[in-house]
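Visitor: Below are the chains, spelled out letter by letter.
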Amino acid sequence: MTELLQQVLDGLSTGLVYGMLALALSVIFQGTGMLNFSQGEMATLSAYVTLVLTQAGVGFWVALPLTVALSAGGGALIERVLVRRLEGAGELSLLTLSVALLLGLNALMSIIWTTDPRTFPSPFGKGLIEFAGLHMTVQQAGSLITLLAVMAATALLFNRTSVGLRLRAVAQNPASATLLGQHQGLWLMVGWAVAAAVGAFAAVVAAPVLTLSPGMMAFPLLLALAAGTLGGLSSRVGAVVGGVLIGIADNLASRYVPGLGRDLAIVAPFALTALVVMLRPAGLFGKTRTVRV
Amino acid sequence: MSTGLLETRRLVARYGSVEVLHGIDLSISPGEIVVLLGPNGAGKTTLLRAISRVVATRGAITLAGVSIGGWSGARTARAGIGHVPEGRGTFPDLTVEENLRLGGLARPKGRRSTTREDLAQVYATFPVLADMRRRAAGLLSGGQQQMLAIGRALMARPQLLLIDEPSLGLAPMVTQQLFEVLAGIRGEWSTSLLLAEQNARLSLRIADRAVVLAGGRVTAAGPTADFRDGDVIRRAYLGEAAGDPVEDEK
Numbered sequence: 011m012t013e014l015l016q017q018v019l020d021g022l023s024t025g026l027v028y029g030m031l032a033l034a035l036s037v038i039f040q041g042t043g044m045l046n047f048s049q050g051e052m053a054t055l056s057a058y059v060t061l062v063l064t065q066a067g068v069g070f071w072v073a074l075p076l077t078v079a080l081s082a083g084g085g086a087l088i089e090r091v092l093v094r095r096l097e098g099a100g101e102l103s104l105l106t107l108s109v110a111l112l113l114g115l116n117a118l119m120s121i122i123w124t125t126d127p128r129t130f131p132s133p134f135g136k137g138l139i140e141f142a143g144l145h146m147t148v149q150q151a152g153s154l155i156t157l158l159a160v161m162a163a164t165a166l167l168f169n170r171t172s173v174g175l176r177l178r179a180v181a182q183n184p185a186s187a188t189l190l191g192q193h194q195g196l197w198l199m200v201g202w203a204v205a206a207a208v209g210a211f212a213a214v215v216a217a218p219v220l221t222l223s224p225g226m227m228a229f230p231l232l233l234a235l236a237a238g239t240l241g242g243l244s245s246r247v248g249a250v251v252g253g254v255l256i257g258i259a260d261n262l263a264s265r266y267v268p269g270l271g272r273d274l275a276i277v278a279p280f281a282l283t284a285l286v287v288m289l290r291p292a293g294l295f296g297k298t299r300t301v302r303v
Numbered sequence: 032m033s034t035g036l037l038e039t040r041r042l043v044a045r046y047g048s049v050e051v052l053h054g055i056d057l058s059i060s061p062g063e064i065v066v067l068l069g070p071n072g073a074g075k076t077t078l079l080r081a082i083s084r085v086v087a088t089r090g091a092i093t094l095a096g097v098s099i100g101g102w103s104g105a106r107t108a109r110a111g112i113g114h115v116p117e118g119r120g121t122f123p124d125l126t127v128e129e130n131l132r133l134g135g136l137a138r139p140k141g142r143r144s145t146t147r148e149d150l151a152q153v154y155a156t157f158p159v160l161a162d163m164r165r166r167a168a169g170l171l172s173g174g175q176q177q178m179l180a181i182g183r184a185l186m187a188r189p190q191l192l193l194i195d196e197p198s199l200g201l202a203p204m205v206t207q208q209l210f211e212v213l214a215g216i217r218g219e220w221s222t223s224l225l226l227a228e229q230n231a232r233l234s235l236r237i238a239d240r241a242v243v244l245a246g247g248r249v250t251a252a253g254p255t256a257d258f259r260d261g262d263v264i265r266r267a268y269l270g271e272a273a274g275d276p277v278e279d280e281k
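As given, the protein sequences belong to chains A and B, one line each in that order.
For the first sequence, our numbering gives the first residue as 11, with consecutive numbering after it.
For the second sequence, our numbering gives the first residue as 32, with consecutive numbering after it.
Possibly wrong hints are sitting among the right ones.
[What the hints assert, rightly or not] With beta-carbon atoms standing in for the labels, derived distance ranges:
#, chain 1, residue 1, chain 2, residue 2, range
1, A, Val173, B, Pro254, 42 to 52 Å
2, A, Ala159, B, Leu170, 25 to 35 Å
3, A, Gly114, B, Arg165, 36 to 46 Å
4, B, Thr126, A, Pro291, 40 to 50 Å
5, B, Arg165, A, Leu166, 16 to 26 Å
6, A, Gly100, B, Asp162, 35 to 45 Å
[Unchecked claim] Over the 10 Å line for every Cβ pair with chain A, so calculated as not near, a few chain B residues:
#, residue
7, Arg41
8, Ser48
9, Asp56
10, Ser83
11, Val85
12, Ala87
13, Val97
14, Ala105
15, His114
16, Gly120
17, Ser144
18, Ala202
19, Gly218
20, Asp262
21, Arg265
Rather than coming from a laboratory, the hints here were simulated on the basis of the structure.
From the three backbone atoms N, C-alpha and C, an ideal C-beta is built for every residue, glycine too.
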């Protein structure tokens with residue numbers, strides 16, 4: 011039993027990364043109505059920014075808020091300069107743009123920092139926490155707390171502030187929001203900024219575990235998309251739970267399913283996702299939009 | 032009338048290369064209820080969209096004497112033009128109260144402090160919304176959605192409220208109730224009303240003036256009393272009045 015619980019805890023390492031990235035995907039989906047494939051590379055860029063700042067002698071806990079602010083600004087800039095040109099061009103064009111951004115940001119980072127992996131020290135330290143025969147790294151515990159804090163912050167923003175109300179309205183029905191005096195462009199820009207800021211936290215959770223390289227988030231992005239499908243992209247809690255479940259399922263499968271091993275175990279979370287979607291197409295927490303006409 | 036709240040002169044609107052309005056002169060005075068009549072495709076919806084600046088136009092358009100021709104839709108809404116669009120345009124995933132609060136965010140500066148009172152007044156005007164304030168708007172019936180859309184627009188404290196086909200898809204009884212509420216709105220909320228409506232009989236009963244559109248032109252206009260015999264309207268709908276025949280429209 012202790013062994014099983016330990017395996018579940020170990021699954022958290024990657025699960026929290028997927029959950030955090032899925033949260034960023036969910037935020038931009040709720041705030042702008044768009045699926046952003048470049049969310050992972052944006053987060054990786056944030057990690058490099060943190061690294062550059064800390065190497066320049068800035069302490070990590072100063073570098074983090076700086077990175078979050080810079081990332082938010084970067085997200086807003088991407089919306090203003092690139093996304094806005096495609097306003098009204100349809101979802102497919104936006105999807106294509108986000109793939110182009112993924113490739114472009116990846117190339118940019120490879121040019122500046124090369125593709126060599128770099129170690130990214132855990133901001134939370136190296137220790138182990140032990141209790142009841144189980145153990146957990148300080149990085150895992152710190153990541154968990156970060157994730158919960160960011161979830162709480164986004165929940166407050168979306169559900170309790172007028173900014174969140176405007177974001178949701180513009181994402182749901184931009185034409186109606188305009189008739190109510192909301193500037194569509196402004197709020198889409200804010201949506202991008204918030205998602206990029208959440209991505210910056212994802213980077214800090216991910217980089218110490220995955221080691222930092224331009225392609226660091228390529229695989230996690232796929233799993234975060236699966237997490238969004240599993241938990242429901244329209245629900246932030248669902249996306250996070252989906253991500254954590256995928257990390258745990260992956261780890262349990264590699265330990266307990268004979269013949270799968272470390273590399274093949276990833277089929278398990280995808281099988282789980284496929285199964286859930288068959289039973290609940292909107293995901294575990296997703297809202298199937300009910301509209302009376 | 033140069034004292035109008037809203038004035039348009041030779042207003043032309045087009046979607047791409049298709050011209051839909053061919054020069055509309057319209058004037059609405061403060062506190063007035065004007066009904067826009069005309070068959071499908073006459074340009075009623077486009078005229079409302081032109082007034083709220085979400086469709087490109089040529090010609091003059093002024094609100095309280097200020098030219099709004101170059102304004103964005105959002106700016107126009109903030110300046111006091113409310114618009115309940117065709118199909119209501121409520122936010123289905125937001126609750127009833129969130130929909131209403133969103134309307135209140137667009138109000139002109141200086142009127143923000145009365146948001147709470149106005150919310151109470153919307154609930155007094157439409158009691159059914161108060162019962163459902165926590166419910167997702169998508170779960171409301173057609174009539175309730177229409178009330179929500181009107182309530183939401185009122186929360187912005189408009190000087191002029193545009194309502195596109197309020198009776199569309201509603202049962203006759205519900206339509207009747209809705210029009211009774213509409214008749215009371217100008218007094219309770221001190222706003223002018225411009226209704227685009229197919230139901231001529233009901234809308235003529237509450238309006239001060241009627242404007243008949245056909246083929247993107249005004250074919251008749253005047254006090255509602257002039258339209259009571261139905262003759263002018265019948266001619267307008269059948270395309271016999273001056274102006275282009277009905278087939279000419281987009």
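Visitor: Look at each hint and say if it fits the structure.
Guide: Hint check results:
Separated by about 47 Å at the C-beta atoms, Val173(A) and Pro254(B) satisfy the suggested range of 42 to 52 Å. Ala159(A) and Leu170(B) have their C-beta atoms about 33 Å apart, which keeps the hinted 25 to 35 Å range intact. For the pair Gly114(A) and Arg165(B), the beta carbons lie near 44 Å from each other, so the given range of 36 to 46 Å is met. For Thr126(B) and Pro291(A), the Cβ-Cβ distance of about 24 Å falls outside the hinted range of 40 to 50 Å, so the restraint is violated.
For the pair Arg165(B) and Leu166(A), the beta carbons lie near 19 Å from each other, so the given range of 16 to 26 Å is met. Checking the proposed 35 to 45 Å range against Gly100(A) and Asp162(B) shows it holds: the Cβ atoms sit about 39 Å from each other. Every CB of chain A lies more than 10 Å from the CB of Arg41(B), the least distance being 25 Å, so the non-interface label holds. Even its closest Cβ contact with chain A, about 18 Å, leaves Ser48(B) beyond 10 Å, as expected for a residue assigned away from the interface.
Every C-beta of chain A lies more than 10 Å from that of Asp56(B), the closest at about 24 Å, which supports listing it as non-interface. A Cβ of chain A approaches the Cβ of Ser83(B) within 10 Å, the least distance being about 6 Å, so the stated non-interface status is violated. Once the 10 Å rule is applied to beta carbons, Val85(B) is inconsistent with being away from chain A; the minimum gap is 6 Å. No beta-carbon of chain A is positioned within 10 Å of the beta-carbon of Ala87(B); the least distance is around 13 Å.
Consistency note on Val97(B): stated as away from chain A, and its beta-carbon is indeed over 10 Å from all of that chain's, at 16 Å minimum. A Cβ of chain A approaches the Cβ of Ala105(B) within 10 Å, the least distance being about 5 Å, so the stated non-interface status is violated. Interface exclusion of His114(B) from chain A breaks down, the closest Cβ pair being 4 Å apart, not more than 10 Å. A beta-carbon of chain A is positioned within 10 Å of the beta-carbon of Gly120(B); the least distance is around 4 Å.
A cut-off of 10 Å between C-beta atoms confirms that Ser144(B) is not in contact with chain A; the least separation is 15 Å. Even its closest Cβ contact with chain A, about 14 Å, leaves Ala202(B) beyond 10 Å, as expected for a residue assigned away from the interface. The claim that Gly218(B) lies off the interface holds: its Cβ sits roughly 24 Å from the closest Cβ of chain A, which is beyond the 10 Å cut-off. Residue-level check passed: Asp262(B) sits 36 Å from the nearest beta carbon of chain A, beyond 10 Å.
With 10 Å as the threshold on Cβ separation, the claim that Arg265(B) sits away from chain A holds: the shortest Cβ distance comes to roughly 32 Å.
Of the hints listed earlier, those the structure fails to meet are numbers 4, 10, 11, 14, 15 and 16, in rising order.
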